[in-house]
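Undergrad: Fit chain B to the known structure of chain A by using the hints.
From first to last, the protein sequence lines stand for chains A and B.
Those letters in the first sequence? Residues 30 to 303, per our numbering, in order.
Those letters in the second sequence? Residues 80 to 375, per our numbering, in order.
Hints in this document: simulated from the structure, not taken from any laboratory.
Using N, Cα and C, we set each Cβ at its ideal position, and we do this for glycine too.
One thing to keep in mind: the hints can contain errors.
Claimed, not checked - Simulated crosslink set (DSBU-like; lysine-lysine; CA at most 30 Å straight-line): (1) B/Lys-225 / B/Lys-348; (2) A/Lys-300 / B/Lys-291; (3) B/Lys-265 / B/Lys-291; (4) A/Lys-270 / A/Lys-300; (5) A/Lys-119 / B/Lys-229; (6) B/Lys-104 / A/Lys-289; (7) A/Lys-270 / B/Lys-219; (8) B/Lys-161 / A/Lys-289.
As the list claims (entries may be wrong) - These stretches of chain A come out as covered by chain B in the derived footprint (C-beta under 8 Å, 3 or more residues): (9) 50–64; (10) 76–87; (11) 154–163; (12) 214–223.
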Amino acid sequence: MSDWRTEAEAMRVVRLTKVKEEAGDMRSLHFADERCSEGVPGQYVMIWNPAAEEVPMSLASIGEDGNVSVVVRPVGESTEALCGMSAGDKIGLRGPFGNGYVVQGSSPLLVAGGTGAASLRPLAEEMVAEGLKPTFILGARSKDQLLMTESLVSLLGENLLTTTDDGSHGYRGYASTYADQLMKEKKYDMIYTCGPEIMMAAVFQVAEERGIPMQASLDRYIKCAVGLCGSCGLGPYRVCKDGPVFSSEQLREVRNEFGKSRMDPSGRAIKVDH
Amino acid sequence: MAGLELRNPTMNAAGVLGISAPLLKRIYEGGAGAVVTKSLGGPQRMGHSNPTLVSVEGGALNAMGLPNPGAEYFVEMIRELKGDGVPVVASFFGGSIEEFRDVALVLSEAGVDALEVNVSCPNVAEEMGMLGADPMNTEKVTEAVKEVAKSPVIVKLSPNVTDICEIARAAERGGADAITAVNTLKGLAVDADLRRPILTNVTGGLSGPALKPVALRCVWEIYEAVEIPIIGCGGISNWRDAVEYLLSGATAVEIGTAAMDGGFDIYGKIAEGIREYLVENGFKEVKDIVGLAHGG
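So here's chain B without its partners, still in its complex pose:
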């Protein structure tokens, strides 16, 4: 996938457990093909205060607020993981194009296997989170990151846009090696008894099964719009979900909210389920079914 050789096509979604090397290592031991760090920025961030997550119909709504220790601080964790033979994708963000480039440089020099550009967090100020709502900014950020990156650059897109294909094409023009589709869908939970929003941030990002049809549609559309590979993300809870993403055009998948249910071994279970599906249906490898649902 985009020059990466992984033992299987599963990863954790950014933000899920990726705050320390030991937790990421446990995800790898749980069977993931690679691990994705929490989104790292230049300065450290404490994130929003609780409540930051609540279960809603068909999924979870969260607004963590990009807590992270800062990219420089995290370099040691990346080295520790690399030392243990774990493939690492570093998710990161910036408050400006310069910061995106600076953080990309730090992470790239730390030896990550790929960079995932988070231009799609719905839960922080717009200049930091949703640069990816605009095609021109997406292209500029991608170009800036590509200038300094020593490893493949993946751009993670938001479903909270009118036309995701336009943004995907902008990332491709900027030189992206792959696209992750998608980040969480902006949502809201209000409590009838308290008569107020539940999350401190008011709005949050919806993940879990409720997100799946939306995210799957995004993957489908992007597959028809660009040539670069896609990592599918959104509500994948079992191997069938993962296979549906592959058939719709994804080359790999990221799994997040399902870890709440399945724990760390969900990655291995889904990878094994994909493998069995391939064998039972006479396919040799994952790429044989990528985009197959699009027909001829």
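Same shape as in the complex, but just chain A:
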């Protein structure tokens, strides 16, 4: 490779070191990659099982020893192909890409829904390492879908709060409702959220009402991942390069799309339905 841009944008191939069963039918895929280990919380990699499509995945653990992981929920052909992989299998990698979260303030509230916990866990780790005590809401449909509870409990102790739609564990109801309740009790100065967009939009509404700034990690149809093709457009932004993490100010700017519409692969607007 020449000095043309960074090598991060070329395809490199690594072997999976471990594939671990996580909550529900989710899997964490572990591999050693120096570039990824230099990544920051909130960044993503383009990960490719050569039998299927290359897809974006947030870094779920970023080890200084070079070991990193992503968490995959099998929801389509590509994610199913990834979940079906074993230690020793080869994956293609590009990245890490995107901006990542910025740690600000002294009293953070993290709100995770579903696989969104994967992107927020390394952020919580960074905060703890910096001496902050983040409150972490971990939400899922039901108890068996709560992701990485063990590692989050050992990291955060009683500051890990769970919520399930069906009430099978922790608070019963939506993560946004729970977040609203917590905000009444305690003064938070920054909210970080990653999860289903409908949930993040609800959290944003609550945060706006209370005047608390937010950083949200958004998902769009990422193809090139380097800011060229526009397929992940969100208003004037490219989720792949300007994001995936957006500030309250930016979210206000794209309020006609955030939680409402997204582009399909052809560029037509479709409804955000989860």
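TA: Showing chain B alone in chain A's frame:
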């Protein structure tokens, strides 16, 4: 340029970010003289699946597969841009000469400032992508588009031909008002560990610095072959590259892959660099240096 008055000679290359009005507006705010849409067709297309882009030696290789929402759908975006005062060049393609004409009509009526005919995409079935490999088809498509066009017609050519001048002359005979040279150069990336091609489409189009000497040569040859203006495109990353294109015969330039590095303000930076070059060297305007490297 071909009847267009632009604030400066920079544009984004077709396919780069042109999928929505807000992104194109940001390119204009970044300093481009005009913006170019993604290539639009009649029906909507989803494009190829990933991997669709990978960095290679000296550039990027991509095979997006002409994803687009369809020309009719995009009309509203064009109106939005025009409403904001942004000059719009609509890139488009068709699966047949009739489709080229039909799409040109839709876009023309939407009020675009120019039409850029894409007869040179290397990444889709030949009848849709590479009509421009054949001089007769190029002439026919250009004629058909000219029949319905209310604004200048630019024909974008492929470097993947034996003699690009022959195709350029065919476009000129068909009535083209300008030529864009060039589209991406067909290439391939194979991974030694996976022992397979990287892109889903197998082959892709090479862009970025590695394309520049090839594209510059194309502009040089076309300048000597036709009278109509040329828009240079291929590996322009800074103002020096752009000036080299102007000296070789281009009247304007399109910039794509460099946006990956420079972001949206690369257009303004390159336009400003061209302006400073003109001032420092005692030239009044861009046209004073167009083709200057050809000598007498």
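Undergrad: The structure should be examined with respect to each hint, and the outcome stated for every one.
TA: Verification of the supplied hints:
1. Between B/Lys-225 and B/Lys-348 the CA atoms are separated by roughly 34 Å; this puts the pair beyond 30 Å, and the hint is violated.
2. Proposed proximity of A/Lys-300 and B/Lys-291 is contradicted: the alpha carbons are some 41 Å apart, above 30 Å.
3. Distance hint between B/Lys-265 and B/Lys-291 is fulfilled; the C-alpha atoms sit about 14 Å from each other, no more than 30 Å.
4. Taken as a hint, the A/Lys-270 and A/Lys-300 pair is honoured in the structure, with Cα atoms around 23 Å apart against an allowance of 30 Å.
5. As the CA atoms of A/Lys-119 and B/Lys-229 are separated by approximately 54 Å, the hinted pair breaks the 30 Å bound.
6. Only pairs whose Cα atoms come within 30 Å are accepted, and B/Lys-104 paired with A/Lys-289 is accepted, the gap being roughly 21 Å.
7. Taken as a hint, the A/Lys-270 and B/Lys-219 pair is broken in the structure, with Cα atoms around 41 Å apart against an allowance of 30 Å.
8. Proposed proximity of B/Lys-161 and A/Lys-289 is supported: the alpha carbons are some 25 Å apart, at most 30 Å.
9. Check result for the stretch 50–64 of chain A against chain B: violated, 0 residues qualifying (beta carbon to beta carbon below 8 Å, three or more required).
10. For the stretch 76–87 of chain A, the proposed coverage by chain B is satisfied: 5 residues have a C-beta within less than 8 Å of a C-beta in that chain, meeting the threshold of three.
11. Check result for the stretch 154–163 of chain A against chain B: violated, 0 residues qualifying (beta carbon to beta carbon below 8 Å, three or more required).
12. Here the stretch 214–223 of chain A counts 0 residues with a CB under 8 Å from a CB of chain B, which misses the bar of 3, and the coverage is violated.
Of the numbered hints listed earlier, those contradicted by the structure are 1, 2, 5, 7, 9, 11 and 12.
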